[in-house]
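Residue numbers (the numbering used here), protein chains in the order written: chain S, 1 to 175; chain B, 1 to 527; chain U, 1 to 90; chain D, 1 to 82; chain G, 1 to 115; chain H, 1 to 115; chain A, 1 to 159; chain Z, 1 to 116.
No lab work stands behind these hints: they were computed from the structure.
By construction, the Cβ of each residue, glycine as well, lies at the ideal position given by its N, Cα and C atoms.
You can trust all of the hints, since none of them are fake.
When the alpha-carbon atoms are kept at most 25 Å apart in a straight line, the in silico SDA-like pairs for lysine to any residue are as follows:
1) H:K86 to H:T75
2) B:K400 to B:R387
3) B:K314 to H:Y81
4) B:K171 to B:E469
5) Z:K102 to Z:P29
6) B:K400 to H:I28
7) H:K86 to B:I311
8) S:K134 to Z:G100
9) B:K314 to H:T75
10) B:K400 to B:I489
11) B:K124 to A:I145
12) B:K314 to B:F381
13) A:K69 to B:D125
14) S:K134 to Z:K102
15) B:K466 to B:R383
16) B:K171 to D:R77
17) D:K78 to D:I18
18) B:K171 to H:D95
19) B:K124 to A:K69
20) B:K171 to B:S122
21) D:K78 to D:T24
To spell it out: a stretch of chain S is covered by chain A in this simulated footprint if at least three of its residues, at any positions, have a beta carbon under 8 Å from a beta carbon of chain A; those stretches are:
22) 10-16
23) 103-117
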Amino acid sequence: MIAFLVTTVFIFILYLILTAGSGTLGLWSYEELGAGIVLSLLVGAVSSRFFCKERSVRMANPVRILRLLIYVLILFPLEMARANLDVAYRVITGRIRPGIIRIHPELQTDLGILMLANSITLTPGTLTVAADEKTGDLFIHLINIPEGLEKKEIVKTSDLFSFFDLPAWIRRIAE
Amino acid sequence: MTGMDLFANLPGLLLAVPLIFAFATPLIGRYLPRARDGWVLLGMVLTTVIGLLIASAVFTGGTVAYTFGVPDPSVTVPPDSGGIPVRIIFNIDAMSAFMVVIAVVTGLCVMLYSLSAASRSSGKDGYYTLFLLLVAGVLGMVCTGDLFNFFVFLEIASLAGAALVAFRVDKGIAIEAGLKYAMLSTIGGLFFLLGVALLFGQYNTLNIAFLAERMGTTGLTTPDAVALVLFVTALAMKCGAVPMHFWAPDAYAMAPAAVTAFLVVSSQASLYALFRICFSLYGQTLNTVLLGWFIIILGLLSMFIGVTMAILQKDVKRLMAYHAVSQTGYMLLGVGVGLAVLSSPLLLSNFGMMAMEGGIFHIMNHAFYKGLLFLTAGVIFYRCGTRNLNDLGGLGHSMKWTMLFFIIGALAIAGIPPFNGFASKLMIYESVFSFNPLLSIIAMVVSILTLASFVKVFHSIFMGPKRPEFADVTEAPLPMLFGMGVLSILVILFGIFPEQVVEVMVAPAASALADQAGYIGSVMGGA
Amino acid sequence: MILLFPEPFEICVLVLAVLILVALYRLVAGPTSPDRVVALDAINTLVVGIMFALGVIFRENIFVDVAILYAVLSFIGTIYYAWYIGGRYT
Amino acid sequence: MIEVLQIIILIGLLLTAILAVLQTDLLHAAVTLGAFSFLLALEFYILQAPDVAIAEAGIGAALTTAIFIFAIRAVGRKEVTS
Amino acid sequence: MIGNAPFFVAMLLIIIGITGMLTRYNLVRIIISLTILESGVNLFLVSLGYREGGIAPIFTGSPDGALMVMPTVQAMTLTNIVIGLATTALLLSFIMVLHRRYGTCDIREIRRLRG
Amino acid sequence: MNGIETLTTGFGFWNPIFWVAGFVIALIITWIIWRRGEATYNTSPSSTGPFLSGNAEPQPGEIHVPGGNLYWGFTQALERYYAVIKPLHTGNLADYMLWYMGITAIMLILVVMVP
Amino acid sequence: MKQSNIVRITADIMFPFIMIFGAYVVLHGHLTPGGGFQGGAVMASGVVLLLIAHCDKDIKTLIPTQILKNVETFGLLLFGLSALAAVILGSGFFTNWLVNTGLLFGTPVEYGPNPGYLNTGGVIPVMNIAVGLEVLAALSVIAVIMFRSTEPDCGGEEQ
Amino acid sequence: MIIEPLIAICIIIGLVFSALGIFGLIRFPDVYTRLHAETKATTFGSIFIGLAVILYALFRWDDAGEGISLAAHVLIGIIILMVTNATGSHAIARAAYKSGQKPDPSVTDALADVEP
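Please put together the full structure from these sequences, using the hints given.
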């Protein structure tokens, strides 16, 4: 039931964003709102069992959503910009030292792993190649491995991110 | 207009009834499996009744034009459009009504037949749905007055037909046949669409009558001629004219018998469209002699190669399929002669109209006797499990009614009096002889060869002593016999009273085909 | 205030289109299948960018719907290719 | 401006079409067909037909790809040349 | 001249599709060529409706009396895309069954129906 | 006889009444002839014995002429025609398409070149 | 190949978005680009995405094919009957009998360009919805059937 | 106004990064490194182009309601692009590894122990 409600609300917000600027009631018209409610209920009934498995209902917590927004809007873009400068440097100079390493982020939830993996894929010279479902370990392809890092069996996550400790933030958001 | 006015909306219902019955069939079949047979039969009977009502209205009262999506369907040209028919229009003149009659009557008989033929097999929901879709596609093809709409119905009929051809997988061979049919249909459809696009780019309309009118004022341009070629070859391929006939024996032979009987009607709908485009769309614009001779040559090739290939065959249905190709040649010959002399009124009245009447009459006769023959072949396959002429034999002892129906069909296709094939073939021989004696002689030779090959089939299947492996073969079930019986009664009736049929149905159809101005006027309101 | 300067967007669209042609090289020459899929992915991203910019040039906000759809659907295509490639079929 | 863009995209269309026919590996042909379909959707978009562009993107990108991948999986990706 | 480029490309696409269908032997490849042929026809149709400087035929938010491209051809193209998808799905499922029964996709070997 | 009219053509006419009457008369004559022969026909096997050159006559159930053997003389006589026409039906899908597109191409060339 | 959990979670998150976007395209078919077919195809893509992301599980419980077939029939019948209703109401086949009636989707609008109100269009949105449902169900069923035929045991080959 | 230079800067950044991504795609030696260049750089470039469109829509559109609508749609598009591109390239990398393609110039390969 909670899953259904969470899904419905999420879908309704999406619908509102899609139809923003359609009318007079705030940004929306009455018809759009009514249609949005009906559609959200329908789609929510269909997709709640995929979207909202039992453990990630915690994402309905407003504090977590606030943290998620901070993460997506401020922290992550900065990391991403730095990553892109790095890649630009590699592309121009051609100095690469690639390899696959293993990290152990100690994240438990699916959403956390997803966020971390996607963040890693979009940030400094890294690319998630595979994920171990049992331990939560990620296998990461680095375009430029720092000296000495390839010797370690399992690399600490803080070595990867320079500005902020993204895994810690993700833990705060999703765990 | 208030209240239900079903009679004004019959053309719409003609399309709506089979479609809605087809769509509802899976639901009925899943939750009320007992009612399914009655449901589809009801749908087909309703379609037949509507079709016959429309045909009678057309034959008594002239062309019916029906516009979709307006409160008053009889108004074809909206007043605020500047004299342009903007909507989809069903333009049912005598020729269309003639084809509607063929389609619904054959469809009803085939449906009766397949009620018991499909009783042993699985997947009946899909079968009936596809069959009703095929019927709807064919009805739409023959009724529509809009080129793009015709393309849509052509594709509906092609896809449903291809799926039906491959319906019984049969060690993959049926799939092979279905693949070939679907492939060629798709290419043909795409080329047809290209032609439609060429015309639309010039004249900004899709309505056949309006196109004809505008083309008459501007004269024939090169894109028009290219479009004509695309139309003619695509439709000739779809109706199985040599040398584009290769799909026809494969598809006809491998489809379930009932489907084959209706596929014949489907390819005749393409034939109808070929005639419609040649006469109604390009009739006055084009020098029709060249086109007429092209169609005549196609017809001659079809007749001769079809029948000579048929003699070689060992599979009953494949043999009959080659005969279908061969008989299509007669229709092409008859109407082609009419087309070749279209521009001279004297020749047209001397023998041109007669040739066209013969060709058009042959369409109907062919649909009936070829349907009958395919159904008998289906019965033989249903009871014996083989179609190979080398294995069959001696069935005349146990399947007397089937043998009788087969004899009727075989004599009719060979043009032996008093069956209907004779009447139409006589008309074709006569008029074509006046046009060019050589053509007529070839047609007669082909007719003799047809008789010869059916003697072979008759001898192989029914004559001879009873064979031990077919000892327990019994007569076909009653619904199958009923379906065949209706067709054979029609065959005999049309053979005995050809003059009435020609007068009531065929002659109006032929004159409607030749009368381009009338076709334009029926849509454009006599403008 | 209509359309103060759409020219930068036009230049942007042109450059991106040229980049698509460049990316086609990898689609042609990529030695392995994953290379080609990568090139396809790059083309998709570029096309989404082009569609964003064209939404401004054509002054139709509804054109951006197409871009969103495009992003989602190209993802599905990529997943399918990855599914096939990862399955060790010969 | 739009004309130049069109020319570029049309060149891309031609290239991908020829490649899709010529590739020896069916999977590569399917990938190329995917690129072709995307470029075609973009061309429809430029020709002011967003309806058609959505349909082409939806069909070409997701569904046709899926169906082709299923088929290639069933029949094997190498084209037998002899 | 440049305005006619889509037509030329559409014709070239059609020719490429036909060539591919006639010269390739693998059935899946033939379907790919068929798709290209169909896309060529679609492109031809859409280019027919294009007007220089026209806007999309959507009434919302367009200025009054603006030049619009023709919607009829777009509806036709849409229909053709739908039909094309149905055809492709049907043909490919045929091919899958055929491969299971015949063990090949080469049209030179799929010819049990002949003569 | 208003219902049954005569289908008149250039050469002759077709009236079902005449035809049925003629058919019935022919049947009667045939029956009479058959009837005359039936009375004197010897049904014992000795009447056909001499023609079978000493071999025992097979039982009726054992005689089966397969359909493929009929008309071998006809096909033999037209051997050269069939040697050309039968290999055309190859069962190869590419050939099918080639014929269709070839005819289309020839017609297109004719139409565009001739006028 | 079994997909990694990252792909699976992404698919699960994208699925409602794709569905709502498809529904948006269907419902605004008479106002913005799109319509029944496009929206239905988009929603079917969502189902296809689920299919591939969860290919190791039981497809029958994941995507109820029977319900989808019923939905398809329902969509087709809705389309046909909404066209036929015009005849029953005494008008031509396919007539837009709902427009300007004030009922659902029947708000009268003035002729000419306007910002686009959802509650207009008469029978066109109804037909769009019908077509959308039909296309969604039919394409999903096609994809599921083809998937099953290539993969009789749904993905048991993960190493 | 400050908006125009901002839009121009956004577009230039987007173009530069897109171009870098494509050149990386052409230049790098194996599929994983190409994925690096492609995913990060082109996604980043498209995001900046989207940002330019958002700025334009919010400040330079003739109809405010439509401008907001456009901005919202572009925002959704950007988010979708981020999620799907990252996941897509992960899927490609994993598939490439599973199909037996080892990273060619490679210092270390921790995955080789787990998945031979």
